[in-house]
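**Q** Spelled out from the first residue to the last, the chains are:
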Amino acid sequence: MRNLINAKRRDVLKSLMGLVAGLFVPKSIMAEKDQQKRFDWADDSIHYDPHDHKWGMGIDIDNCIGCGRCSAACKIENDVPREPFFFRTWVERYHILENGETIIDSPNGAIDGFNKKPDEEDVLRSFFVPKLCNHCDNPPCVQVCPVGATYESADGVVLVDSEYCIGCSYCIQACPYGARFLHPVTRTAEKCTFCYHRIVRGNDPACVEACPTQARIFGELEQKASPLHRFKRMNRIGVLKPALNTEPKVFYAHLDMEVK
Amino acid sequence: MPNWIPNLPEQVRRLALLVVVVVIAFLIVRPMLIPAGFGEQGHFRSGALNDAVAHDYKYAGKASCEECHDDMTSMLASGYHNNLSCEVCHGPLAGHVEEPEEVQPEFPRGRNFCPVCHEYLSARPTGFPQIVSQSHNQLKACINCHEPHDPVPSEVPEKCSACHGKIARSKAVSHHANVECDFCHSVNEGHKTSPREFRAAKPIDRNFCGQCHADSENGSDAPQIDLSSHEPRYVCWQCHYPHLPEAK
Amino acid sequence: MDELIQHLYPLLKSVTGYIYPNEIELHWGLLVSLYPYLTGLVAGAFILASLVKVFNVKELQPTYRLSMLTALAFLIVAPLPLLLHLGHPEKSYEIFLTPNTNSAMAMFGFVYAWYLMAVLLLELWFDYRKDMVIIAKSSRGLKKWFYKILSLFSKDISDKSVAFDHKAVRIITIIGIPSAFLLHGYVGFIFGSIKANPWWSSVLMPIVFLFSAIVSGIAMVLLLYMVITPIRKQQLDMICLDKLASYLFYIMIVDFSLEVLDFIHRVYESEESIKILASMVQTKLFGSLVIIQVIMGMILPLATIAGVKIFKVPADLRKLLYFMSAILVQIGIFSTRWNVVVGGQLFSKSFMGLTTYKMTFFGLEGLLISITLLIMPFFILWILMKILPPGGSETQEAAIQVPSP
Numbered sequence: 001m002r003n004l005i006n007a008k009r010r011d012v013l014k015s016l017m018g019l020v021a022g023l024f025v026p027k028s029i030m031a032e033k034d035q036q037k038r039f040d041w042a043d044d045s046i047h048y049d050p051h052d053h054k055w056g057m058g059i060d061i062d063n064c065i066g067c068g069r070c071s072a073a074c075k076i077e078n079d080v081p082r083e084p085f086f087f088r089t090w091v092e093r094y095h096i097l098e099n100g101e102t103i104i105d106s107p108n109g110a111i112d113g114f115n116k117k118p119d120e121e122d123v124l125r126s127f128f129v130p131k132l133c134n135h136c137d138n139p140p141c142v143q144v145c146p147v148g149a150t151y152e153s154a155d156g157v158v159l160v161d162s163e164y165c166i167g168c169s170y171c172i173q174a175c176p177y178g179a180r181f182l183h184p185v186t187r188t189a190e191k192c193t194f195c196y197h198r199i200v201r202g203n204d205p206a207c208v209e210a211c212p213t214q215a216r217i218f219g220e221l222e223q224k225a226s227p228l229h230r231f232k233r234m235n236r237i238g239v240l241k242p243a244l245n246t247e248p249k250v251f252y253a254h255l256d257m258e259v260k
Numbered sequence: 001m002p003n004w005i006p007n008l009p010e011q012v013r014r015l016a017l018l019v020v021v022v023v024i025a026f027l028i029v030r031p032m033l034i035p036a037g038f039g040e041q042g043h044f045r046s047g048a049l050n051d052a053v054a055h056d057y058k059y060a061g062k063a064s065c066e067e068c069h070d071d072m073t074s075m076l077a078s079g080y081h082n083n084l085s086c087e088v089c090h091g092p093l094a095g096h097v098e099e100p101e102e103v104q105p106e107f108p109r110g111r112n113f114c115p116v117c118h119e120y121l122s123a124r125p126t127g128f129p130q131i132v133s134q135s136h137n138q139l140k141a142c143i144n145c146h147e148p149h150d151p152v153p154s155e156v157p158e159k160c161s162a163c164h165g166k167i168a169r170s171k172a173v174s175h176h177a178n179v180e181c182d183f184c185h186s187v188n189e190g191h192k193t194s195p196r197e198f199r200a201a202k203p204i205d206r207n208f209c210g211q212c213h214a215d216s217e218n219g220s221d222a223p224q225i226d227l228s229s230h231e232p233r234y235v236c237w238q239c240h241y242p243h244l245p246e247a248k
Numbered sequence: 001m002d003e004l005i006q007h008l009y010p011l012l013k014s015v016t017g018y019i020y021p022n023e024i025e026l027h028w029g030l031l032v033s034l035y036p037y038l039t040g041l042v043a044g045a046f047i048l049a050s051l052v053k054v055f056n057v058k059e060l061q062p063t064y065r066l067s068m069l070t071a072l073a074f075l076i077v078a079p080l081p082l083l084l085h086l087g088h089p090e091k092s093y094e095i096f097l098t099p100n101t102n103s104a105m106a107m108f109g110f111v112y113a114w115y116l117m118a119v120l121l122l123e124l125w126f127d128y129r130k131d132m133v134i135i136a137k138s139s140r141g142l143k144k145w146f147y148k149i150l151s152l153f154s155k156d157i158s159d160k161s162v163a164f165d166h167k168a169v170r171i172i173t174i175i176g177i178p179s180a181f182l183l184h185g186y187v188g189f190i191f192g193s194i195k196a197n198p199w200w201s202s203v204l205m206p207i208v209f210l211f212s213a214i215v216s217g218i219a220m221v222l223l224l225y226m227v228i229t230p231i232r233k234q235q236l237d238m239i240c241l242d243k244l245a246s247y248l249f250y251i252m253i254v255d256f257s258l259e260v261l262d263f264i265h266r267v268y269e270s271e272e273s274i275k276i277l278a279s280m281v282q283t284k285l286f287g288s289l290v291i292i293q294v295i296m297g298m299i300l301p302l303a304t305i306a307g308v309k310i311f312k313v314p315a316d317l318r319k320l321l322y323f324m325s326a327i328l329v330q331i332g333i334f335s336t337r338w339n340v341v342v343g344g345q346l347f348s349k350s351f352m353g354l355t356t357y358k359m360t361f362f363g364l365e366g367l368l369i370s371i372t373l374l375i376m377p378f379f380i381l382w383i384l385m386k387i388l389p390p391g392g393s394e395t396q397e398a399a400i401q402v403p404s405p
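Protein chains in written order, with my numbering: chain A, 1 to 260; chain B, 1 to 248; chain C, 1 to 405.
What the hints contain is simulated information worked out from the structure, not anything from laboratory work.
Don't take each hint at face value.
[Unchecked claim] If you want the footprint, here are the derived chain C segments under chain A, 3+ residues with CB under 8 angstroms: (1) 21-35; (2) 85-92; (3) 96-104; (4) 165-177; (5) 247-253; (6) 304-313.
[As the list claims (entries may be wrong)] In silico DSS-like pairs for lysine-lysine, Cα to Cα no more than 27 angstroms straight-line: (7) B:Lys-202 - B:Lys-192; (8) A:Lys-224 - B:Lys-166; (9) B:Lys-140 - A:Lys-224; (10) B:Lys-140 - B:Lys-202.
Backbone N, C-alpha and C define an ideal beta-carbon position, used for all residues, glycine too.
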């Protein structure tokens, strides 16, 4: 039912936009049917049709030990600058104190792990939360990109075309999760791609590969047999900032209300 | 010349001409500049997908390691570290797969490496093995006592919840709170020290659940079903997760 | 690489609480603050001009052409700070090629082009056509050709034709008012529509932007009128000046009420973000928001103009007070833009901490470029007034009649 309403509202919006857009946009862009066309990869060894997949990630907070191997692996795999200002994924540590106060830290995105906090006596609860791009199904970053340089591929992965990005930073402002940054050298927006170069060749993203406790589960959202589907069935699931209606495709099991 | 044109004031005709020229120039130039393939897959340059996948692997993945080092991976598979990827400790090794001699793996032998995962932190989940390195055999390297490919806990755990804390926590609030673990899972004592070698069994027979839940005079006040008519093609736990409170 | 990010390290120390690791770098700084300030002046100056043409406010007639030229001068500069802040200004044309129709920012090019070409240039062209034809006729050589091209080789200056010009100006102004509202309301929408950012996300944002734009536009025309008139050895029209100050006063009251409403609404609703926003206003934004924007830029000039209205103030002192108030308003409105743009990035979207903005002097995002961009419109205005004298072709003819050696 909810999807129906959404779909209807989207259709109305689309047709309204279409009226305006018709003035400026060539027919090929407006024609939805063409989007079903199979994509021919430049690399012949890839046999992957984005239309056959829908990717997502599950994160089991109870399994995360805060070793930060994921954020370290991500920096290496994707050539993310090592400086402590640029992260495609990072791990946060939450300490919820007896007095209700919440203390969060993520030293250098946890690429070197965490150190002990000096006074931990009055801690009520504490846990780690890995963060990354949520690959929203209703992505605010894609909505605001003025030129179509960031987009949601048919398989649900939100990507950036750095060739085409003009570096306006509007997407960075629009992302509620702080998942984007401007690469200091290319001066274009960057973010997690679910290691798109790996998944089209049948491998897991580097962070999933590097996680020693299987706190990250990567997989198909719409196939009943997938581990992610089972994960969503077995656990109570939360997403980050659900009130913003971004419809994240990163699902957290055992998510605390304090997680921001 | 159509007769409506002379009716317009002179200055408007001149302006209109300028506007027409500008608009036509825009309409001619624009399609020439739009990159090829834009809009075919959505409102973006289709070639961007090719750019996104044109990136080299740094992490080869455990399957690649297994091709040459199956002795190590099978050793790993029988122990607590079975789910670890080799590259978690040995670093990214896609280069090593390509050129085994040129690129060598890392061997972190120092005392500062293992604590990245195993140092005690209050935020780490209960049940995960942790030490306080300051008071834990200060002068010895971890690997002197612990074989990293088959680490063994120093103390044999007493209860199942020491390792399976997550299951224990959800079971504690489920309808099965009072059912002991070994009622359903028959476990060899060896599982406590070599968990992968001696695995805990799962009930695979529908009649197992039927002991309490099938229509009969078993005297149980648990919910009852008719085994012969209730989804006979499935094993019970494929639909009902017995550790969860929702289990009906 | 190192020199590109060196400036970020000291910022790590000034972070309070927790911010997402990518949030240390602030992406929209001085330049982007300049952009709404400049477009605000455009919209404000145009709306002032339209008071003359549409609502027949005769007292403001002396400022009509000045307002229009001011609007054009600022509109020409307005996109420059945006262009300069882009990571890749050379690719900015893509916004016309493949505009994402869902994006507020993609519409920038079209709103801007519409306002520049369909409103400002067109209205100025009709308004100045007769003057341009006359100048073209009475001059020689390059100058003749320059004005011929400018007037699109138009020759007809019969009464009927000029009457049509006046009618056209009126119609364009009527279209222009909603367009000016659109231009600046739209800039407010760019910020107001970002749901991720509670400091920006507000339906009032476009309206607050619009009214503060009108305030800044009127104050700017008032300043320019007071500076330029003596330079051109003409007498300041006190009735016009009083009228300008009155309009400034009334619009400021509306603007201030809207801002207060926004403030009360936020505090009363007291949503999740209220704690971090309150602590931001009390610490990092205290100087620029409470002191400069509200006290200096709003309450002080309001009180001054109110005082002038209540007490009989002699004309000379009145001029001084108007001048001072208009300057304070300019500083206040610039501060408003700063507080919106930079303020919206000083707090973490985790609502758990604050970061800092360090202004640089040199470099693209630096103070020097911004000051240059702020001076540029005045330079352009000076050129525009040479080409299109607000006094009309008479002044040009007078200049021509000076015998050349």
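**Q** Now look at each hint and say whether the structure bears it out.
**A** Going through the hints against the structure:
1. Against chain A, the stretch 21-35 of chain C contributes 7 residues with a C-beta closer than 8 angstroms to a partner C-beta. That satisfies the three-residue criterion, and the hint holds.
2. Evaluation of the coverage hint for the stretch 85-92 of chain C: fulfilled, as 7 residues show C-beta separations to chain A shorter than 8 angstroms, against a requirement of three.
3. Using a Cβ-Cβ cut-off of 8 angstroms, 8 residues of the stretch 96-104 of chain C lie near chain A, which meets the minimum of three, so the contact claim holds.
4. Coverage of the stretch 165-177 of chain C by chain A is violated in this model, with 0 residues showing a Cβ closer than 8 angstroms to a Cβ of that chain against a need of three.
5. Three residues within the 8 angstroms Cβ limit are the bar, and the stretch 247-253 of chain C against chain A gives 0, so the coverage statement is violated.
6. Using a Cβ-Cβ cut-off of 8 angstroms, 0 residues of the stretch 304-313 of chain C lie near chain A, which falls short of the minimum of three, so the contact claim is violated.
7. Taking the CA atoms of B:Lys-202 and B:Lys-192, the gap is near 17 angstroms; set against the 27 angstroms cutoff, the hint holds.
8. Taken as a hint, the A:Lys-224 and B:Lys-166 pair is honoured in the structure, with Cα atoms around 24 angstroms apart against an allowance of 27 angstroms.
9. Straight-line distance between C-alpha atoms of B:Lys-140 and A:Lys-224 comes to about 49 angstroms, which puts the hinted pair past the 27 angstroms bound.
10. A distance of roughly 41 angstroms separates the Cα atoms of B:Lys-140 and B:Lys-202; the hinted pair therefore is violated under the 27 angstroms criterion.
Violated hints, in rising order: 4, 5, 6, 9, 10; the structure is consistent with all others.
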